[in-house]
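Visitor: Construct the entire structure; sequences and hints are all you get.
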Amino acid sequence: MSDTPVIPAAFADLVPFAGWALPTERERYNKRIASTMDQLQSFYDTLFPRLDDAIAHIDQFPLDDLPDDAKHLLWICCALVTVSFPVEVWRQARVPDSGASSFDAVLEPAV
Amino acid sequence: MPHFTKPDEGSWTEHYPELGTAPVSYADSISPEYYELERDAIFGRTWLNVGRVEQLAKKGSFFTKELDAARTSVIVVRGMDDEVRAFHNICRHRGNKLVWSDFPREETSGVCRNFTCKYHGWRYGLEGELTFVQQEEEFFNLDKADYSLASVQCEVWEGFIFVNLDPSNTTSAREHLGELGKGLEGYPFHEMTQVHKYRAEVGSNWKLFIDAFAEFYHAPVLHAKQAVADESTKLQSYGYEALAYGLDGPHGMVSSWGGMAPPKDPSMVKPIERVVRSGLFGPWDQPDIAGLDELPPGVNPARHKAWGVDSFVFFPNFMMLIWKPGWVLTYHYWPTSYNTHIFEGTCYFVPPKNARERLAQELAVVTFKEYALQDGNTLEATQMMLESRTPVDRFPLNDQEILIRHLHASVRRSVHEFQQQSAKTPARDRHEEMRR
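Chains C and Z, in that order, give the protein sequences. Numbered by our numbering, the letters in the first sequence go through residues 1136 to 1246 in order. Numbered by our numbering, the letters in the second sequence go through residues 102 to 537 in order.
It is possible that part of the hints are untrue.
From the derived model, a few chain Z residues whose C-beta atoms are all more than 12 Å from chain C [said to hold, decoys possible]:
#, residue
1, Asp109
2, Asn197
3, Gln235
4, Pro268
5, Glu276
6, Ser338
7, Ala345
8, Gly350
9, Lys406
10, Ser489
11, Arg514
12, Ser523
Some chain C residues judged to face chain Z by a derived CB distance under 7 Å, without partners named [said to hold, decoys possible]:
#, residue
13, Ile1193
14, Asp1194
15, Pro1244
What follows is a set of in silico ranges between Cβ atoms, one per label pair, in the way DEER data are often shown [claimed, not checked]:
#, chain 1, residue 1, chain 2, residue 2, range
16, Z, Ile443, C, Ala1191, 34 to 42 Å
17, Z, Pro452, C, Ala1144, 24 to 32 Å
18, Z, Ser202, C, Asn1165, 21 to 29 Å
Don't read these hints as lab results, they were simulated from the structure. The structure displayed is predicted, hence computed values, not measured ones. Just so it is clear, CB atoms sit at the ideal spot from N, CA and C, and this is done for glycine as well.
Guide: Rendered as structure tokens:
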């Protein structure tokens, strides 16, 4: 894989956010708390209106045999789920009142 | 006026008169001495859920489980005969931990045909039998048959694997789980093989986190910001009332309304939930499997139309949440000291058929995480102040907090019974008994 994960051509407007194509929830959450609200908002504002299209694109393929670009798009959609909390609810990257507590994924699906 | 019918006594708590209604003490959660009692009285002799059969997919599949509270580590393994067995994770030669990788305190898993000790290469078969001794001829009259792994009682109930560290235990795991367990039998747990598991080190006594998850009275307040503003205000003004509570032996359950799956008014939920069709109560669209339309009698026991989730507290440290849209969440609380424990939260879904279903599950899982992060942090604040032993040492509990009253009473009863038995049996006899 090159530095920038490949994403489907129809979603070229998401290229600036290809760094969100991270395979695990832990990585997605870490990127979220390392981001500014402006960065999160701009990612959300770009992908959210296209979420249904993105899902429809990925669902042209069987989930257990996704081409790489569709798999990256799915991970980016998963990242949108992670980012939706600060954007829609918290108005900050971290969960309020969560202090130093951590809650780490130790097992999650391969895709 | 309650929204949902309470028992004739006027409250759930008074329906179980042995609980009383007086303010309670949390002295059981702030002292090293009391925790030492719990280790022997509870964790050393109660059935503990250590995993699911799906973790042992093939013959030779194994995992280890650290049971600090019970002063041991166990190996759980599927034998060539497909039986699931458990052993103390200790080599019979010099006492080395038998199965571990890289870090002795970390759990591990894999598939093998035998367990080889890293220290001197002693080997054990999947049924615990000692099969190879390095330089056996150097030993003195060593009969390998005398040095099998020390077995641990192990039983499978509805696909959940339980161990009991007390060799003199005569109660089956199923009996231990009682009526609440029986009421769940037949639920399609085996279909829910898509697993997301989380782990957290929490700075509180194990019981305080169960307390946090065993009542929903806190939800409209602590998690107020998680709902859209109008909905949040409405939820707080209603407060919280469960559909039903049930207690059986040391176990308890709460049956709750809720779940916006889908909501009557889409503006009640967040934009992401509207698009992904999921939220705290799980994906809105029920998976297409058998067993979800005709639920076992223990699920939604009140058969209420507004039912959303049942939450079971199986003594001592295993909680199971069964959600209306057809998925399961389990919590385990593994004490590591009187004021620390490891929390595990595991989400079980029917494997998604497509990206839409996968994302719906992701939203449920991530929502759970956002809530749990808030809950976990509150606990450290509670532990700290309880430990300060300020003059405040009695705390009121309301009727919606009945499971907390019951948990602490069950712990006190177990410790008391154990102390009485210990007083009757001198310690030396007890150890002899353990050895047999």
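Visitor: Hey, is Gln235/Z genuinely clear of chain C, shortest beta carbon separation above 12 Å?
Guide: Holds, since 35 Å exceeds 12 Å.
Visitor: Far enough from chain C: is every CB of that chain over 12 Å from the CB of Ser523/Z?
Guide: It holds; Ser523/Z is separated from chain C by about 37 Å at its closest Cβ, greater than 12 Å.
Visitor: Is the claim that Glu276/Z lies outside the interface with chain C correct, judged by CB distances over 12 Å?
Guide: holds, 31 Å
Visitor: Since Lys406/Z was said not to touch the interface, does its Cβ keep a gap of more than 12 Å from each Cβ of chain C?
Guide: holds, 29 Å
Visitor: With chain Z as the partner, please determine if Pro1244/C meets the hint condition of a C-beta pair closer than 7 Å.
Guide: Holds, about 6 Å.
Visitor: Would the non-interface assignment of Asp109/Z survive a Cβ cutoff of 12 Å against chain C?
Guide: Holds, since 40 Å exceeds 12 Å.
Visitor: Kindly confirm whether 21 to 29 Å is satisfied by the beta carbon distance between Ser202/Z and Asn1165/C.
Guide: Given range 21 to 29 Å: holds, Cβ gap about 25 Å.
Visitor: Examine each Cβ of chain C, and state whether all of them lie more than 12 Å from the Cβ of Asn197/Z.
Guide: Holds: least Cβ distance 25 Å, greater than 12 Å.
Visitor: Compute the least Cβ-Cβ separation between Arg514/Z and chain C, then decide whether it is above 12 Å.
Guide: Its Cβ never comes within 12 Å of chain C, the nearest being 31 Å, so this holds.
Visitor: Looking at Ser338/Z again, its CB stays over 12 Å from all of chain C?
Guide: At roughly 20 Å from the nearest Cβ of chain C, Ser338/Z sits farther out than 12 Å, so the non-interface label holds.
Visitor: Please verify that the nearest CB of chain C lies beyond 12 Å from Pro268/Z's CB.
Guide: Since the minimum Cβ distance to chain C is about 31 Å, Pro268/Z lies beyond 12 Å and the statement holds.
Visitor: Examine each Cβ of chain C, and state whether all of them lie more than 12 Å from the Cβ of Ala345/Z.
Guide: Ala345/Z is indeed farther than 12 Å from all Cβ atoms of chain C, at 30 Å.
Taken one by one, the earlier hints all hold for this structure without exception.
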